[in-house]
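Line by line, the protein sequences give chains A and B.
Quick note, the first sequence lines up with residues 455 to 1138 if you use my numbering.
Quick note, the second sequence lines up with residues 8 to 442 if you use my numbering.
Keep in mind that the hints were calculated from the coordinates and are not lab data.
Among the clues, some could well be false.
What the hints assert, rightly or not - One side only, chain B facing chain A, incomplete, derived with CB under 10 Å:
hint: 1; residue: 133
hint: 2; residue: 181
hint: 3; residue: 195
hint: 4; residue: 206
hint: 5; residue: 233
hint: 6; residue: 420
On a predicted model such as this, the values are computed, not experimentally measured, just so you know.
Beta carbons are placed, not taken as given, at the ideal position from N, Cα and C, and that holds for glycine.
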Amino acid sequence: MWPLFRDRCAGCHGEKSQGGLKLDSLEAVLSGGDSGVASVVPGDPDASELVERIRSDSDGYRMPPTGDPMTEPEIAAVVSWVADGAVWPGTMSADSELAVAPLVDDASFLRRVYLDTVGVPPTRAEAEAFLRGAADEDDAGVRDELIRSLLDDDRFADHWISFWLDLLAENPTLLNASLNSTGPFRWFLHDALRDRKPLDRMVTELILMRGDAAAGGSAGFGLAGENDSPMAAKGHIVASAFLGIELQCARCHDSPYHSTTQGDLYALAAMLDRKPVTVPPTSRVPDAFFEENEGRESLIRATLKPDESVTPRWPFAAATGIDDGDEVDALVRDPGDSRERLAALITAPQNERFARVIANRVWKRLVGAGLVEPVGDWEGAGEEGKRASHPGLLDRLARELVTSGYDFRHLVGAILRSHTYQREATGNNVGDSPAGRYFAAPDRRRLSAEQIVDSIHAAVGEPIDVEELTFVHDGRRPLASRQTLGRPSRAWMFGDLKNERDRPSLSLPRARHVVDVLEAFGWNGARQMPISERETDPNVLQPGILANGTMTANLTRAAVDSDLARLAREADSARRLVDALFLRTLTRYPTDDERQAFVAALDEGFETRLVAAEEIEWPTPPAELPQVTWFNHLRPRANEIQQALERRVRRGPPPDPRLDPNWREVYEDAVWSLINHREFVWIP
Amino acid sequence: MNRPLRTRPTLSRRECLATAAVLGSRFVATPRACGSPEQTPSRGKAEHVISIWLGGGMGQIDTFDPKAKGDPKSNKPGSYYESIDTAVPGVRLCEHLSRMAPLMDRVTAVRTVHHGVIDEHAAATNRMHTGRPVSGTITYPSIGSIVAHERGAATDDAPPYVLIGYPNVTRGPGFLGARDGYLYLTDTGQGPAGLSRPSNISEARQTRRERFLGELRRHAEPTDDRRLIDYDETIDQSLRLSGPEFNRAFELDREPAGLRERYGGEFGQRCLLSRRLVERGVRFIEVSHNLNFLNGAGWDVHYEGILDQHQLIRELDVAVSALIVDLEQKGLLERTLLMISTEFGRPAGFDSGGGRGHQGTAFTCVLAGGGLRHRGAWGETDEQSKEIVSDPVGVPDLFATVCAAVGIDPGKSLHDGDRPVPITDRGTPIAALFE
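All chains should be built: construct the whole structure from the sequences, respecting the hints.
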């Protein structure tokens, strides 16, 4: 019953124990709350108040009191659980959940660890070299060596930056500031990650919000377009990202399901703002709300009075183990600067929360489920001490981070080297209670949107080819109002392409087709809110955009000057060509069955695939189109140019005329199928 | 039970049973959880919404709320054009809306819409799509996503929400999540991105592609991991939807040539496509009137952008009047609510180039069809269309009207996790349209 109680009940009847009732152990359930009436009578659903309450049609009596009533299947599950004697835990874990999964084979490990460090699969040559080496030598040694070299790879920053962009709600806009837009502090973050800056220093510099907000400095983190209280927004982000304290509700009222108050958030905002702050009128619960809810005690309370001034104060001494006192003076340059104090309070080694929250987030990224869930809201996870499924392991990982000098890559490496990480991904830990998360196997993870886009480009051997993300190419306007995000070479470098005026002349047709893929797989360039975990439900647009979208259509073509065409021209047999395609796309050799099917198709016409020199007809490249910019975009001709460009992009590059078209199309279709295979988008 | 139960609020139980096949099996792999019965007062009887979006800010004083003529040369505030009578006595329109004029008994120009956002198109566009100010703690869904969320698609094999225009986060599902998002297309010659095959892929090639893919899938290691099985199911759905059957809805050349001509240019063709999508079962369609070829600026008529504004207005007039007549002739007008909306209006006074700036304090959005009791116009502004004189309609009220028209209780709440979020920002439907 745990997932159901956790999702529907534990907000009030967990740590908060409204009405004295907790629903987090059988003992608590049977003892009932303040009423003294057992909420559950084992074996007798009709005598159980809990069942009566969830079935009730009365708004004043039904549980849960807010949100949708429980669904029929949910109610049925509770009823049958009670009828069966209310056994807790509901069923003993199946053996399959307890059996430790075997380590993955070398090819799977290779693909997994590349994706988790540098964000792309290995090249064919890298794959062949590793698989050869792994076949001859001791596994652990070869794997550890590979991990070491990948942790030293500059591309580590290109992969892990997305984690930070989401958590910190980076949201730059190409035109006017709006909708919680920030500066492009991606550049600050990327430098810090590439330079292996210690994490405590990176976070300190972030919180200090320094440098040029529009030119990529951490000051860009401090902006929030159109927001009525930017520092409250930043306080919310900082508390969740670094401390696992969720203050979303505290923006307008005390948290109904947490111990945090509105005052906590605004005290944090005041620390960031270096001066007292008040709750803006637009972040208040209207009085009408409380009046309308008479009859049932309101779940929410607003303890701050309108216009009450909130002074800088560190509200999280209890949760973090560090208090704001003399010892902090020694850690800052200006003890009178509350922003600097906040940075020190978060990143000081005495703060036990920070390192554990980061370690837990990284563990989740790599293993698929957190030791504490939800990763951004530890209080939602239950009582202190019961939160982590493996408290000892969490402490150990946190210590690895602190004692390495807050070396983020060291933490990643410690997890990558573990057997837990290297086992077959057959686990299902993410939905279980802490007691049920055994991590006998890691969870299956889908590639992130960025990994998918980067992997397709890597597999076909083409760089990302889009226009510069800007409308002002020559610096004639200040970056603060007319931004450029440059020409992306990796997927993380894209941004929101909003075309609010709906003008073709303000479209970016090349970038659009890449962003279509990114968005289908859950990336969002307009991060109005911090994203702790992306939505991962599958939807029809995901395979759709890979099957039919312009990006894959163009990249899977054996085009003039493309690497795919070169590969086809230079192949010495269909068999070798098929092996190469599998290695490049799926990081493994084909099975015998697969090889047979693909080789049979590509063998036909293989010997005659090259067009005789005198018959080659080279395509003429189309004339360059004039540059559309902010300054000429209002001319009707600018629309026509961008629409012509759109048609060109959709048409794609001309095919390599040196390849026989009939054979080439079979070859392209084979490549298409590998990229559209489920295996391509799931980490092995 | 070691997967978290889904507790997302969705359709009423009965609707859910009826549409589970559509949404559950076709557009999302994980089935929706059904809420228990909810008493939804079904005030309106509309089944679909076509929302025509005039990006840039349509000047109400030059279109649906005409006043005495002004003169940019002498800087005299007022309308740019003459006004004309309509089918509804006392309701006048700008002279370039001559085809709309005889149809105004099926239309209500809501002349007293207002909000406080002025200078930023993106911010005002967001307001007019979500119906709320930006919040620091929540990303609100667009009205299209709200309707998609509450009503789902009307038939099997149709998506709930299609955007004919540039994709944008302001049209997105916000906290509701990707399942209530849109499919989009920018060119009526093509189906939606991701679900229409590239034109160079013949049926024979597609068959070969699927044969290769079939080999890979057949030889893949069997799995009982729900996540992989769900993803494989979406592959099958996408292959089916990008086939000829669904994409036929986008083939406008199946329409009689005379009808296509009556709709006019590319914008008209978008309107025609929206009718085909209604027939197909799409619940909410946004049609963007984004073609700023005619005057450069589109509806954002600062400075000399205003010189050819009349061409834009005529284009709108031709397309929307054709759409209303076509829907009516096909028996769809009563079931289809049309809304023309825009991010803000424009003031009576002129800027230094003879054009107009922005005005959010009073502007016009237009409703038509949808089974409402239309009255030509609703609400009154002063002689310069600047101050509201009577019957103000806040953006939440406009949204509540749309919700009520399509049978959604405008007083209900959606949920972002535990947090109840009123479906509109405490708006009230325009009662006079429901009498």
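Comparing the hints with the structure gives:
1. 133: Holds: closest Cβ of chain A sits about 6 Å from residue 133 of chain B, inside 10 Å.
2. 181: holds (9 Å)
3. 195: violated (13 Å)
4. 206: holds (8 Å)
5. 233: holds (8 Å)
6. 420: holds (8 Å)
Against the hints set out earlier in the document, a violation occurs for number 3 only.
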